[in-house]
Amino acid sequence: GDLETAVAALDELYASSIEGQGAALVRLSNAHQHALWTQDWELLGRLIAPDFEFADRRTLSTIELDRAGYMARIEAVADEYTYAWWCRTLERLTETDGVARIQAYATTTDGQRLEWEFVGVTQMRDGQFTRFEYYDLDRMDDALARYEELTASAQRES
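Numbering (the numbering used here), first residue to last: 344 to 501.
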């Protein structure tokens with residue numbers, strides 16, 4: 344709708360302003376958000392690498408999933424909620440890695456509105472996500488340390 348179009352235009356304006364400094368990751372994140380909004384599972388599947396890893400390290404939902412598990416979880420959640428999330432603050436950003444404070448919203452099938460925040464650590468390679476890790480807000484230091492660990496490891500591998 345109109346809101347999604349306006350958000351997409353603003354997101355692209357932002358990505359254009361940081362070309363070469365994280366724009367690729369911002370654009371991939373925007374495509375991910377679009378796939379979730381529209382429940383376009385084919386698009387979502389193209390955005391997630393075969394070796395994708397998901398780790399939810401928040402206190403109440405500690406889980407680890409591979410690509411198939413993540414895709415199944417997203418589709419199952421979509422049957423119960425319509426949801427969206429917005430990046431509130433970028434703590435770190437490169438073309439392939441990022442740490443963001445994220446605000447999420449959901450509406451249940453019976454109309455109840457939910458809202459929560461978390462920290463997300465993200466990695467991508469060759470235009471696909473390879474990792475999402477979620478942390479409680481009060482564990483920002485842990486998320487930043489994990490980001491440093493992951494980016495150092497990726498630099499050694501390249």
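Treat the hints loosely; a few may be bogus.
Label-pair ranges, simulated between beta-carbon atoms [stated by the list, open to error]: (1) Asp485 - Leu356: 14 to 22 Å; (2) Ala352 - Asp481: 31 to 39 Å; (3) Leu487 - Glu438: 17 to 25 Å; (4) Asp383 - Arg499: 34 to 42 Å.
To be clear, the hints were calculated from the coordinates, so they are not data collected in a lab.
In this text, a Cβ means the ideal position worked out from N, Cα and C, and glycines have one as well.
Okay, the hints, checked on the actual structure:
| no. | hint | verdict |
| --- | --- | --- |
| 1 | Asp485 - Leu356: 14 to 22 Å | 32 Å, violated |
| 2 | Ala352 - Asp481: 31 to 39 Å | 34 Å, holds |
| 3 | Leu487 - Glu438: 17 to 25 Å | 18 Å, holds |
| 4 | Asp383 - Arg499: 34 to 42 Å | 35 Å, holds |
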